[in-house]
Structure formats: structure tokens, C-alpha cells
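Participant: Each chain is listed here by its residues.
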Amino acid sequence: MHLSAVATDAEGYIFLKLTYECKLSKIRIKFRKACEKQKKKKKRIRKMVGRCRTRITAQLELKAPPYSLDALEPYMSRETLEYHWGKHHRGYVDNLNKQISGTDLDGLALEEIVVRSYNRGNPLPPSTMLPRSIWNHDFFWSSMKPGGGGQPRGVLLELIERDFGSLEGLLNEFKQAALTQFEKDNKLVVQKSPNAVNPLVWDYHPLLVVDVWEHAYYVDYQNRRPEFVSTFIEKLISWDAVSARLEEAIAQAAARAEEDERRREEEDGVMDDGDAIEMYLDTENESEAE
Amino acid sequence: MLHLFIVTLLYFFGYQKQKDQLRGSRRTSRIVAFYGLTAPPYELDALEPYMSQKTLEIHWGKHHRAYVDNLNKQLANSPLYGLTLDELVKVAYNNGNPLPEFNNAAQVWNHNFFWESMQPDGGYMPAAGLLQQIEKDFGSFPNFREKFITTAMSLFGSGWVWLVLKKEEKKLAVVGASNAVNPLVWGDIPIITLDMWEHSYYLDYRNDRGKYVNAFMDSLVSWQSATARMARAEAFVNLGEPKIPVA
Numbered sequence: 001m002h003l004s005a006v007a008t009d010a011e012g013y014i015f016l017k018l019t020y021e022c023k024l025s026k027i028r029i030k031f032r033k034a035c036e037k038q039k040k041k042k043k044r045i046r047k048m049v050g051r052c053r054t055r056i057t058a059q060l061e062l063k064a065p066p067y068s069l070d071a072l073e074p075y076m077s078r079e080t081l082e083y084h085w086g087k088h089h090r091g092y093v094d095n096l097n098k099q100i101s102g103t104d105l106d107g108l109a110l111e112e113i114v115v116r117s118y119n120r121g122n123p124l125p126p127s128t129m130l131p132r133s134i135w136n137h138d139f140f141w142s143s144m145k146p147g148g149g150g151q152p153r154g155v156l157l158e159l160i161e162r163d164f165g166s167l168e169g170l171l172n173e174f175k176q177a178a179l180t181q182f183e184k185d186n187k188l189v190v191q192k193s194p195n196a197v198n199p200l201v202w203d204y205h206p207l208l209v210v211d212v213w214e215h216a217y218y219v220d221y222q223n224r225r226p227e228f229v230s231t232f233i234e235k236l237i238s239w240d241a242v243s244a245r246l247e248e249a250i251a252q253a254a255a256r257a258e259e260d261e262r263r264r265e266e267e268d269g270v271m272d273d274g275d276a277i278e279m280y281l282d283t284e285n286e287s288e289a290e
Numbered sequence: 001m002l003h004l005f006i007v008t009l010l011y012f013f014g015y016q017k018q019k020d021q022l023r024g025s026r027r028t029s030r031i032v033a034f035y036g037l038t039a040p041p042y043e044l045d046a047l048e049p050y051m052s053q054k055t056l057e058i059h060w061g062k063h064h065r066a067y068v069d070n071l072n073k074q075l076a077n078s079p080l081y082g083l084t085l086d087e088l089v090k091v092a093y094n095n096g097n098p099l100p101e102f103n104n105a106a107q108v109w110n111h112n113f114f115w116e117s118m119q120p121d122g123g124y125m126p127a128a129g130l131l132q133q134i135e136k137d138f139g140s141f142p143n144f145r146e147k148f149i150t151t152a153m154s155l156f157g158s159g160w161v162w163l164v165l166k167k168e169e170k171k172l173a174v175v176g177a178s179n180a181v182n183p184l185v186w187g188d189i190p191i192i193t194l195d196m197w198e199h200s201y202y203l204d205y206r207n208d209r210g211k212y213v214n215a216f217m218d219s220l221v222s223w224q225s226a227t228a229r230m231a232r233a234e235a236f237v238n239l240g241e242p243k244i245p246v247a
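Going down the list, the protein sequences come from chains A and B. Its first residue numbered 1, the first sequence is counted upward by one per residue in full-length UniProt numbering. Its first residue numbered 1, the second sequence is counted upward by one per residue in full-length UniProt numbering.
Worth flagging that the hints you see were computed from the coordinates, not collected in a lab. Each hint should be verified, as a subset may be incorrect.
Where chain A lies over chain B, by a calculated footprint (3+ residues, C-beta under 8 Å) [stated by the list, open to error]:
| # | segment |
| --- | --- |
| 1 | 56-63 |
| 2 | 198-207 |
Far from chain A by the CB rule (all over 12 Å, computed), these chain B residues [to be verified]:
| # | residue |
| --- | --- |
| 3 | Arg-30 |
| 4 | Asn-94 |
| 5 | Asp-121 |
| 6 | Tyr-124 |
| 7 | Arg-145 |
| 8 | Ser-158 |
| 9 | Ser-178 |
| 10 | Leu-220 |
Positions of the beta carbon are idealized from the N, C-alpha and C atoms, including for glycine.
The following block holds chain B by itself, in its conformation from the complex (with noise of 0.2 Å):
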């Protein structure tokens, strides 16, 4: 009798097993896309000395991977989810009245921004078709140069600068925004960044931006990835007359 009971017992959890084993396989599995952390396109110690490696470690291994993690915790249940960064930071700008995902989306967007704003050995001058835009929307270089440094330290409290292409008016700008808005949301596109928090200079320079905003220019600025955003905007806005080749 026992040996019947033990005999059924074992048939009943083999048949159970089958059950889950047959149900595992006709279950659907559900993707979960997240938005990842990049990387700086270069070492963390590349940038020395103007921006040093314990800075990277901190800003982008601490604040830029926080940003990342709390935005995708905010997306797991929210529709906002499955958006691409950049349709996403527009969306939750909502035309000035930002969602609650605006600040971390905005964050990361601008942190990856800015890593490739920089490059190691970085700084002087940009060349031909850039350095000629500018010298037609700002006078000179170190005009542009002036005005960078200028809205850099006039900005006051949290957040960035930028040199945008704004389409309406064809032209470059130097524009200061507060704590993560980014130009993007008025429809311009962003050339090259600062970012003026203080987590990002504190612990090179202290309180010294002035000194902070020119090491930027002179030595970590990346104008080759400026160009090549310039040449993709392009795309977008129409700089002045076509060249049209004489055949």
C-alpha cells in the first residue's frame, strides 16, 4: 500500500512538473528596454589636469549613473516609457510645465552630451566651416570666446551653457539654462555644452569658475565632435546659399 502511495505521490509531482515545463515554454517573456550609461570616450584620468580623474569617478561613475537608474525606476510605470532620449526629453518639457521625468531624462541627455564635448587635448580653435560660422554670427573668436565665458558666469544656481545652431534664426548662439533644460526643448540644436553645476568643478577648482570655464575653452573643448555636430545640422538648417557645383 505504501509503496502504491509513494508511486502515486511521484507521478503526481513529475506530472506537475511537465505542467510548469509545458506552460514555461508557451509563456510569452516580456522585453524591458532601459536606457543605459555611456561612457566617456576616453579614460578617466585622460582629462587631467584641468579636469581630474577623482571629478569623472564621482560626476559621471555617481551623479550621471544615478541620473540613468532613477530614470529608468521612474519609467517602469510610466507611459512615457519606450521613448528615445531625445523624444523623451522633449515630451516631458511639456512645453515648460516638466513632467517628473524631465529632470533625470534632461540630466542624462546633457551628461552624454557633455562627455563628448570634451576630449583630452582639447581647447584652441575650431577649423574652416565652423570657425568661419562663428566668425560671422559672433564678429571674431574671441568675441564667441567672450560671450561663452561671460553667460558661463552669469548663470546663477545650477546649470549649463551651450552654443546652439537655432533654426529659426540661422545663426549660432551662446544660451544659459537653469539646472537640466537643455535646447532641445525650443527646438535648436546644441553644438557644444558646459555644464555649470557645482558637482562639476567643486572639486578641482572650489569655488573658482572663472578659472574653471577657461581651462574648458583653452584646453578640453572638443571641436572636431562640434564640427561634426555642425555638419549633421546642416542637415536641418538651411546656413546660406547652395553650392552648387559648376559643371
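Bound conformation, chain A alone (with noise of 0.2 Å):
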């Protein structure tokens, strides 16, 4: 754990690299478990972050690829990293930023405006493409890696085997709905969606994502989208990355499944001891912010 860089983040930041680094690691154990340790940890950082005098601003912070700007190369050229990275990423980010501040977003995690502005399809003004657009992109530079492609391992594996007959057919069904994709998107496995749209507002935990929208791709490849779909799928895909994000949404997935029953067993009138009561607040938090 990286708290001294973790610490000069947004709050949400933290909160968010903390439930993805602490379930990624304690897979096995148990939920509470995971919880408690989880606030554990946040004490310390706060503490910490009284100690060191750093300023947390609530402004969202451009995040920059898990990679130097050109460790793609030649598939992806750092001309178009710089570009897409340093110029429209960051554009989103800065707009989003003086767009909020001030209003009743301003100061929260990027996943809870995202979903807060998308507000079930009426999107609220000021624009709702950004921050959805900023998440994206995020999510997409570390969907890449230097050195990717290759094959899936493990569980993933087995469940693309499961949905999908077997990777070959996961990966034609992947470009077909990329190269069909008419209006901008970014797309996800199997779904595809227009302009900046995530699934997260469809409650879907995302795995993976490539971006179509033309500034992706026009400086290595002009036209020739199939192209960038083939080398993206063979070289630049990260599957651990898609790995590590499914151990996520399973453990999720298990998580508020514990909680529906919990719901149920308060609603039906049998109590937990004192203990389970407060946890089940701590879990409501916990995968709201999520």
C-alpha cells in the first residue's frame, strides 16, 4: 500500500483504491473481515494526512496511465498517448472540475457523480458527458498494458468459456460490436454504448473497455478501426488488469447478495446480535461508495 502517494488524492480516491487493494488480497475472507480492516486503514490515513498538513482539495485529479506515455508503442504511438491523454483527458477533467465546483457534486468520487448526474437517464445539467467520459478514460489506460494481449487465465477464463463458447468467440463478438459501433462509444464486452455512456449507471461492473471515438485512433491508424480493434485485442489488452476487476465483481456480487439476505432477515423480524446491525450500516456505505 502506497499511502504517501494515496494520501495527497480526493478523498474518493482513497476510499477507492483501499476496496479494490484490500478485496483483490483477502478474497477468501470473509466480508467483515474485509470491512474492519478496511476502516483500519482509513484511521491511519487520516491520520497520517493530519500529520503531513496536506491540503485535500475535492477537485477530481487526472490520473495518469499505469505506463510511460510511449510503452505502447508501435501500436499505440506516444504522439496519440500525449494527445489523448494530456489534451482530451485532461481537458474532461479540468472542464468537469470548474463545472462543479460549488455545486452540491463538488467534493464527491468520481463513481458517485457519474452515476448522481446520469440521475437514471434524465441527466442533470451542467454537462453529464464529462464525468462519465473521465471514468471512461481512466478505465481504459489501465485496461492497456506494455507487453499485453495474450490469453486470459484462470477464472476468467472459465467464465468467458461459460458465456461466450470460448475466447475466440468473446473476441469476434468484441470486434463485431466495436467496428459496428456508429456513433463515438466507448465499448465494453458485448455492450456497446454511444458517446461517453457507462455501466455503471446501469449497475454492470465494468471489465473492460476500448475507445472508438476517432481521436483514439486517427494519428497511428486514420481510418482503419478494424486494425486498431485487432492490435488492441492481440497487444495491448491488459487481462490482468480484466483478472483482477472480475475478482472484484464477484466479491461485490457476493457482498450485496450477503446484504439482501441480511434485509431480509431484519425484515422478517429476526435480529443479529448488536454487531451484525452495525456492520450492516458499515456495508451499505461501503458498496454505495463503490
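With the hints in hand, could you dock these two chains into one complex?
Facilitator: What follows is the structure, given as C-alpha cells:
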């Protein structure tokens, strides 16, 4: 855990990072224990922050891709990354910060902003494309890695084979959707979405995205979108990141199932001990912020 | 015997050939019509330095051509075969529930219109009647220019910006539309258009859309073709009291 790096982020990001890393390593431990650990770590960070006198701003920050800008050559040039991340993505972040400062969206975690501003399909002003674009781009950078491609493993491969028949089946469907998306979109596994719509608003858990907006490939491939998508699949995908997200999604689904069960028990009048009820409240907070 | 056999064979084949030929001449040939790719009314390097030759080669030569080819493929087995392009766009739009042919058809139409909305040494200002109409409907030409640029910049994602003559309201307006939608589907008459899809400006301006839109307004837009279209539009929309010549 790199607490120093984390401490300067907005609190929303601190929390997200904790949840991710915590669940990743403790997946077999029951959910309760994971939550307790989280609470302790959160306390520790707050203390550290106090000591460092770091000013936690409520503004969103532009997260860098987890590799240097020329690391994806020759499949995605440095120039593309400089423009795509350094201008487009940065522009979205700056504009959103300008728009939300002073409103009630100020200070929230990015995912919270995405869901709130989408407002179940009746988007609230100001522009709701910005939070989603930012989220999508963060997700896109971490879906790729230098020396990527290859094969998925483990649970991910099993699920792929269960739902798509084989890896080829998945990749074909992915390519097909990426190539037939007419409007600009970030596309997800078996889902394509126009403009900046992302599946958080449908309560899905995204695993992988490819950006098929033209700015993502025009410098390197011009109009050759099929070539870009093939190259992405063969050389750039980070299956590790996808696996990690899958584990997170499974844990989240399990947690939700537990929560639903608890709720049902409560409604039925079966009371657990005091501990459980306290945990229930915490659980609610945790999964909301998710 | 062999000789007779060969002769019979030859006669048999000859007969078949005759039959084929006869059948051929009675066979009705099926004429298939399809949409063609119209070229811009200037050379591909004529819009330098505001729109490079490379952009035109790819934008026209690859994207526009692909739309035309894909449209023809789609229409090969479609009940929408045989319409003019304008009609096809309106029919395929289907009042807001676009049919699969709409995207390609509308993009072909839009790009045809776009090439004609530009000219080498374009820009500056319109003249005479069109200028008067703009001043009447927007207040002044700078106002209109401002409105056009703002609308273009506020488009999110892919889209087009249009100067249209609205039939119902009988005035000019600036309209932004997403993806491939064009004002024909609302019954309005387009006068000029600007392609705000990223493929249109990314090679020359990267992400600097403002510079691209300004370059269009200052140096590329063809007010001559706009005036011609306006003149035609006046045949469909009554813009004011007719000037009856006094004898």
C-alpha cells in the first residue's frame, strides 16, 4: 500500500483504491473482516494526512496511465497518448472541475458523480458526459499495458468459456461490436454504448473497455478502425487488470447477496446480534461508494 | 462409326450453343442503379493549408467512399432500393426511429453537401440578399459567426453544424445535430454545414476544434454556394412580401 501517494488524492480516490486492493488480496476472507480492516486503514490515513498537513482538495485529479506515454509503441504511438491523455482526458477533468465547483457534486468521488448526474436516464445539467468520459478514460488506460495481449487465465477464462463458448467467440463479438458502433463510444464486453455512456449507470460492473472515438486511433490508424481493434486485442489488452476487476466484481456480488439476505432477515424480524446490525450499516456505506 | 459419332457430338454441341445464344437474346438484362461517389468541386490539395490534401484523401477517399459502398451493399436487398438520396434520407429517418440504412445514407448526403459548402479562397462574408437575411435573423454577421462557432464547440461527440432555413418559422437558424442527423428530416432547408466528426479535423488540428471551426469560417466556407442554395430555398419558403414590380 503506497499511503504517501494516496494521501494527496481526493478522498474519493483514497477510498476506491483501498477497496480495490483490500478485496483483491483478501478475497477468501469473509466480507466482515475485510470491512474492519478497511476502517482501520482509513483511520490510519486520516492520521497521516493530518500529520503531513496535506491539503485534500475536493477537485478531481487527472490520473496518469500506469505506464509511460511511449510504452505502448508501436501499437499506440506516444503522440496519440500525448494528445489523448494529455489534451482530451485532461480537458475533460479541468472542465468538470470548473463545472462542479460550488455545486453539490463538488467533493464527491468520481463514480458517485457519474451515477448522480446520469440521474437514471434524465441527465442533470451541467454536462453529464464529462464525468463519464473521465471515468471511461481512466478505465481505458488501465485496461491496457505494454506487452499486453495474450490469453486470460483462471476464473476469467472459465467465465469467458461459459458465456461465449470460447475466447475466440468473445473476441469476435467484441470486434464486431467495436466495428459497428456508429456513434462514438466506449465499448464494453458485449456491450457497446454511444458517446460517453458507461455501465455504472446501469449498475453493471465493467471489466474491459476500448475507446472507439476517432481521437483514440486517428493519428496511428486514420480510418482503419478494424486494424486498431485487432491490435488492441492482440497486443494491448491487460488481461491481469480484467481478472482483477472480475474478482472485485465477484466479491461485490457476494457482498450484495449477503446484504440482501440480511435485509430479508431484518424484515422477517430475525435479529442478529448488535455487531451484525452495525456491520450492515457500514456495508451499506461501503457498497454505495463502490 | 467413330466418324459418325464425332459428327453427332459436334452437331449436339453446336445445337446447344445455338440454344444458348437464342436464350441469351431473349433474356432481359437487369439494370441495377446505385449511388455514386461525387467528387469535391476542387482538387484535393486546393484547400491547403486549412484542410490538407491528406485529410481530403482520407476523409473523401476512404470515409466518404466507404459510406457510399456500404450503402450500396445495404440497399442490394432492401425495400428502400430505388429512391433518390434525399428521399432515402427522409424515409430511413423514420421520424426518429432510424432504419439501418439511415446512417450511411445520411452520411453520404452530408458529405456531398459539405464538400460543396467549401471552396478554395472561401470565407470572408456573404453578399447582398444572403447577408441581409443573416442580419435580419441574427442581428449582425459577427453575431451569426459567434453563434455558429459556439454551437460547433458545444457539440459533444460526433455531429454536424448547420445553417438552415426553417420552413415553419421562415428564418435562418444555426442548428447542431448529432451523428448523421441532418435538417432534411425536420423539413428544413440546409444552407451550409460543417463536419464536426473527429476524422474531419484530427489530422490537421488534432484536438484544437476552435482553430478548425475558425479556419472554416474565415477561409473555407463557400458563400457563393450558400447564396445559390438560398436562392433555391426561396422558391419553397416565402421570406417576406413579394416585390411586385411597378409597371
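Participant: Determine for every hint whether it applies to the structure shown.
Facilitator: Verification of the hints:
Judged by the Cβ-Cβ criterion of 8 Å, the segment 56-63 of chain B is covered by chain A as claimed, because 3 of its residues qualify and three suffice. With a threshold of 8 Å between beta carbons, the proposed coverage of the segment 198-207 of chain B by chain A holds, since 6 of its residues qualify and at least three are required. A cut-off of 12 Å between C-beta atoms confirms that Arg-30(B) is not in contact with chain A; the least separation is 30 Å. Here Asn-94(B) stays apart from chain A, with its beta-carbon at least about 16 Å from theirs, past the 12 Å limit.
Distance to chain A confirms Asp-121(B) as a non-interface residue, since its nearest Cβ pair spans about 27 Å, more than 12 Å. Every beta carbon of chain A lies more than 12 Å from that of Tyr-124(B), the smallest distance being close to 30 Å; the non-interface claim holds. Chain A leaves Arg-145(B) outside its interface by the beta-carbon criterion, the shortest separation being 24 Å against a cut-off of 12 Å. Remark: the non-interface label on Ser-158(B) conflicts with the geometry, its nearest Cβ contact in chain A lying 5 Å away (cut-off 12 Å).
Distance check on Ser-178(B): its Cβ comes as close as 7 Å (rounded) to a Cβ of chain A, failing to clear the 12 Å threshold; non-interface status is violated. No Cβ of chain A approaches the Cβ of Leu-220(B) within 12 Å, the least distance being about 20 Å, so the stated non-interface status holds.
Checked against the numbered hints given earlier, the structure breaks hints 8, 9 and satisfies all the rest.
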